[in-house]
Amino acid sequence: MIRIENLTYKKGSRTILEKVNLDIADGEFVSLIGPNGAGKSTLMKIILGLLSGYEGSVTIDGVDHRRWVKTHNFGYVPQKETFDPLFPATVADTVRLGLMKGRLFPPRDSRRRIAAALEYVELGGFENRFVGELSGGEFQRVLLARAVAADSICFFLDEPESNVDKKGVSRLYTILARLKEEGKTIVNISHDLQTAFAASDTIVCLNKTLHSHTRPELLSADVVTKTFGNAIRLLEKDHV
Amino acid sequence: MFESSLLLTAFVGVLLASASTSLLSVPVTLNKVSFMSEAFAHITFSGIALALLFDWNITIVSLGAVVFFSLVISFLTKNNRTEQVNITMIFLAVSMAVSVILLSFNRDYTVDLAGYLFGNFLFMTPADLIALSVLLAVNALYLLVFYRWLFYWSYNPVIARVYGIPVSFVYYTFMVLIAVNVVITVKSVGVILITAQLILPGLTAFRLVRRLPAATAVAATVSLTAAVSAFALTYRFDLPSGPVLVCVLFLFFLLSLPVRPLAARIFRRP
Numbered sequence: 032m033i034r035i036e037n038l039t040y041k042k043g044s045r046t047i048l049e050k051v052n053l054d055i056a057d058g059e060f061v062s063l064i065g066p067n068g069a070g071k072s073t074l075m076k077i078i079l080g081l082l083s084g085y086e087g088s089v090t091i092d093g094v095d096h097r098r099w100v101k102t103h104n105f106g107y108v109p110q111k112e113t114f115d116p117l118f119p120a121t122v123a124d125t126v127r128l129g130l131m132k133g134r135l136f137p138p139r140d141s142r143r144r145i146a147a148a149l150e151y152v153e154l155g156g157f158e159n160r161f162v163g164e165l166s167g168g169e170f171q172r173v174l175l176a177r178a179v180a181a182d183s184i185c186f187f188l189d190e191p192e193s194n195v196d197k198k199g200v201s202r203l204y205t206i207l208a209r210l211k212e213e214g215k216t217i218v219n220i221s222h223d224l225q226t227a228f229a230a231s232d233t234i235v236c237l238n239k240t241l242h243s244h245t246r247p248e249l250l251s252a253d254v255v256t257k258t259f260g261n262a263i264r265l266l267e268k269d270h271v
Numbered sequence: 013m014f015e016s017s018l019l020l021t022a023f024v025g026v027l028l029a030s031a032s033t034s035l036l037s038v039p040v041t042l043n044k045v046s047f048m049s050e051a052f053a054h055i056t057f058s059g060i061a062l063a064l065l066f067d068w069n070i071t072i073v074s075l076g077a078v079v080f081f082s083l084v085i086s087f088l089t090k091n092n093r094t095e096q097v098n099i100t101m102i103f104l105a106v107s108m109a110v111s112v113i114l115l116s117f118n119r120d121y122t123v124d125l126a127g128y129l130f131g132n133f134l135f136m137t138p139a140d141l142i143a144l145s146v147l148l149a150v151n152a153l154y155l156l157v158f159y160r161w162l163f164y165w166s167y168n169p170v171i172a173r174v175y176g177i178p179v180s181f182v183y184y185t186f187m188v189l190i191a192v193n194v195v196i197t198v199k200s201v202g203v204i205l206i207t208a209q210l211i212l213p214g215l216t217a218f219r220l221v222r223r224l225p226a227a228t229a230v231a232a233t234v235s236l237t238a239a240v241s242a243f244a245l246t247y248r249f250d251l252p253s254g255p256v257l258v259c260v261l262f263l264f265f266l267l268s269l270p271v272r273p274l275a276a277r278i279f280r281r282p
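Here the protein sequences come in this chain order: A and B.
The working numbering numbers the first residue of the first sequence as 32 and each following residue consecutively.
The working numbering numbers the first residue of the second sequence as 13 and each following residue consecutively.
So here's chain B without its partners, still in its complex pose (with noise of 0.2 Å):
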């Protein structure tokens, strides 16, 4: 399968995308904020587009967006879940009118935009590989070190306030890692269904275990299998890689439902 350097290169990349964002599904699903990643998406998709407009780096300038604007919706939106919802879909909206107005001044791209909507594994490149690296260790490292207060924070930040857990911190951090998250691996499935690459390993994992350990590994094994998976349809019968791995994903979503209800039959006592 890996005849060329592109090929390892890419299937490389989207195994550690996968397993960057599994990393993050859990905390995400937990708390319910994967509309947030949705926005921060879109803002991506401007910070593209600007880049193209002015011959930018693309990485550079969506990840200063993203971060900037991550910032901004956090601190708008702190403490009112209502508000979190619309703010977070009016800047969703109006990024993206943003970037299709960006994007008419100028029709001449020779970037394939597709591949940033959607995604495309061939478009990783060595580069790639090293920021992916160090996202999947700053992932890591993040939730090794701060994994209480991710936790008592999204269980209910006003008590964890009250036993001590800077939970301004472990909010302005989080989102900020998950827009981070958004940018370093948009290649693997584009800005469009960066949403269901982080939150579907973490739904399949509540479906099977409930302790949040256990459901990490669960979710970075569904993700990698999912991963190996969809590069192998992709090659195979030459499909969209980014829609293929987001259905894979929905698919393994789709056979974890039956688990608990089954267990729960066969283990009930007498």
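Isolated chain A, as found in the complex (with noise of 0.2 Å):
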């Protein structure tokens, strides 16, 4: 379980996150919604270890996070992973990084895991393409599958529908839902709100504090519209 505890994180100035509370369960997939700004990745990077200098705690199954993202395969995907499209590195290769964690080496079965994880994302033979010819949809589900080799046990994922078209969306979800079947905790970064509401189990709205953290068929429109200020307007329901 992943535990925020009165989580407030500031840059100079300027309050990002104020006093957030937020129990993810295991296997949970979680989505969070807010607009830009509201502190989604800052979030999300907080848990990773990738930002210090908060107040307040958050803990992975009861250790602190920063000492569980070092003993514990978990995958990441980031809303714009940057790297030189002229950078010689195969899929393979950015696969493989799930297998390095305290390894000079990968194991010995790398290949036969790398195999494994692309066929598990639909790009089965993708292994000697170079990263910087891929579209932005099998880029994604690259990353994905960078994850799956770790063999993580959660899954953060930071806008993974950017740049990706709508048959790339879909088919990323699919997947996601196969590895949440599969009991993986999956903490998603989302504007895309109706494929985000089909898939989750819970949705969070954040906009510098929590405003919601509920089943999304639970969730009424005033939470999202405060959520999101002026930023958004709702449609009937049957057609968000």
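In short, the hints are calculated from the structure, not lab data.
Any given hint might turn out to be false.
[To be verified] Result set (DSSO-like, lysine-lysine): computed pairs, CA atoms no more than 30 Å apart in a straight line:
no.	chain 1	residue 1	chain 2	residue 2
1	A	Lys76	B	Lys90
2	A	Lys42	B	Lys90
3	B	Lys44	A	Lys132
4	A	Lys257	A	Lys42
5	A	Lys50	A	Lys198
6	B	Lys90	A	Lys101
7	B	Lys90	A	Lys132
8	A	Lys111	B	Lys44
9	A	Lys198	A	Lys76
10	B	Lys44	A	Lys239
11	A	Lys132	A	Lys101
12	A	Lys76	B	Lys44
13	A	Lys41	B	Lys90
Make the complex out of the two chains shown on their own, each in a separate frame, by following the hints.
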């Protein structure tokens, strides 16, 4: 279980997160929604130990999250994984990173595990393709394969729909649904409300403070509007 | 050609120096840190000037100075690419200024300063050959052991950190390794031209191949071929060795430019 207690994070004089309390259960598929600048990515980066200088506490399975991330396998699909498109990394190189934790050399069965992870995300045979030549959707699935290869128990995804077409988004969420069925915990930041509502067990509405953490069907339009301010116009439920 | 042991020492020395720098050429090119090597080269010159002023051992003083300042620069610039360029350039300019001031205190040097600035194969001594051999072994061992870490740090340091790669260790050790290479190989092409020797083999290799092991092999081949060619040209036409080596490396780079477009044209599917 991921437990966040009284988390406050400031950048200079600006408060990004304020007294956030949140529990994410094992095997839960939770989507974080909120407007740009709401602190969703910041929250995820804090959980992953990429940001320090916050107040409050973050524990995973009862252990301080910074210690947990060093000793456990988890997957991270960032909003925008920046790299030089001409960088000579193949798909296999990218997925292999998931197997490198605490190692100088990849494990002996890395080739088999990479192939299996790519099969899992429906990219079998892509091993020798250069990542700079992939489409947005294919690249996101490669990043997911990296997390799958690591045998992650927790998946953190920061707007995985970015730069992916509708068909690609659908394939991505099908894979995420399969991971959820296998008992994996999925923490997903999304701007695609329709897809996130359909796929998630719970929705977290965040805009500096936590507005709601509930099942999608119980989430009221008032809370969503309050979270997004005037930046969103809710349509009839059937059309959302 | 090798009627004297001086020439043989010079020849072996330039081969060892070229082999050493060529091994780092690919990661330096990938990480776009050639400006760091430029700064390290200028700091090396400050060390040389300081050693000359007090009649100290040039290699030890410049090695101490460059390792210390490479760690300082690396620490100050670790998390900010813009700062990295600016701070490095400041160190580059200031170290050159300090060198000139130090050199102005004593104008009666018996050492050929131009040799340190632009390189001179004939400066190589048997002690240099030992140092260069150790350097080549260290470079090879470093790449062999830390190849994957270096690769993922170059690819994306943030993601590498998330997946457990000790990026700080890779960053500092790689910077120190570049700095040490600059000092030990300085007699090959000098502090002004050392960056060219560090990046041209890698750049040429990436024009010909894309995969890293192949690129490293091509970079080493290009570097060694250029060294042999430069040595022959220097000997035959009595030319300055360091600049000749850089020009030969640049010529190889120019020759590599049309290879990929030509290959794409030839092997294009109908």
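Structure-based check of each hint:
1. A:Lys76 x B:Lys90: holds (19 Å)
2. A:Lys42 x B:Lys90: Roughly 19 Å separates the two Cα atoms, so the pair holds.
3. B:Lys44 x A:Lys132: Roughly 26 Å separates the two Cα atoms, so the pair holds.
4. A:Lys257 x A:Lys42: holds (23 Å)
5. A:Lys50 x A:Lys198: Violated, at about 38 Å.
6. B:Lys90 x A:Lys101: Status holds; Cα separation ~21 Å.
7. B:Lys90 x A:Lys132: holds (22 Å)
8. A:Lys111 x B:Lys44: holds (21 Å)
9. A:Lys198 x A:Lys76: holds (28 Å)
10. B:Lys44 x A:Lys239: With a Cα-Cα distance of about 37 Å, the restraint between Lys44 of chain B and Lys239 of chain A is violated, given a limit of 30 Å.
11. A:Lys132 x A:Lys101: Distance of about 8 Å is within 30 Å: holds.
12. A:Lys76 x B:Lys44: Cα-Cα ~27 Å, so holds.
13. A:Lys41 x B:Lys90: Answer holds: Lys41 of chain A to Lys90 of chain B is near 22 Å, not above 30 Å.
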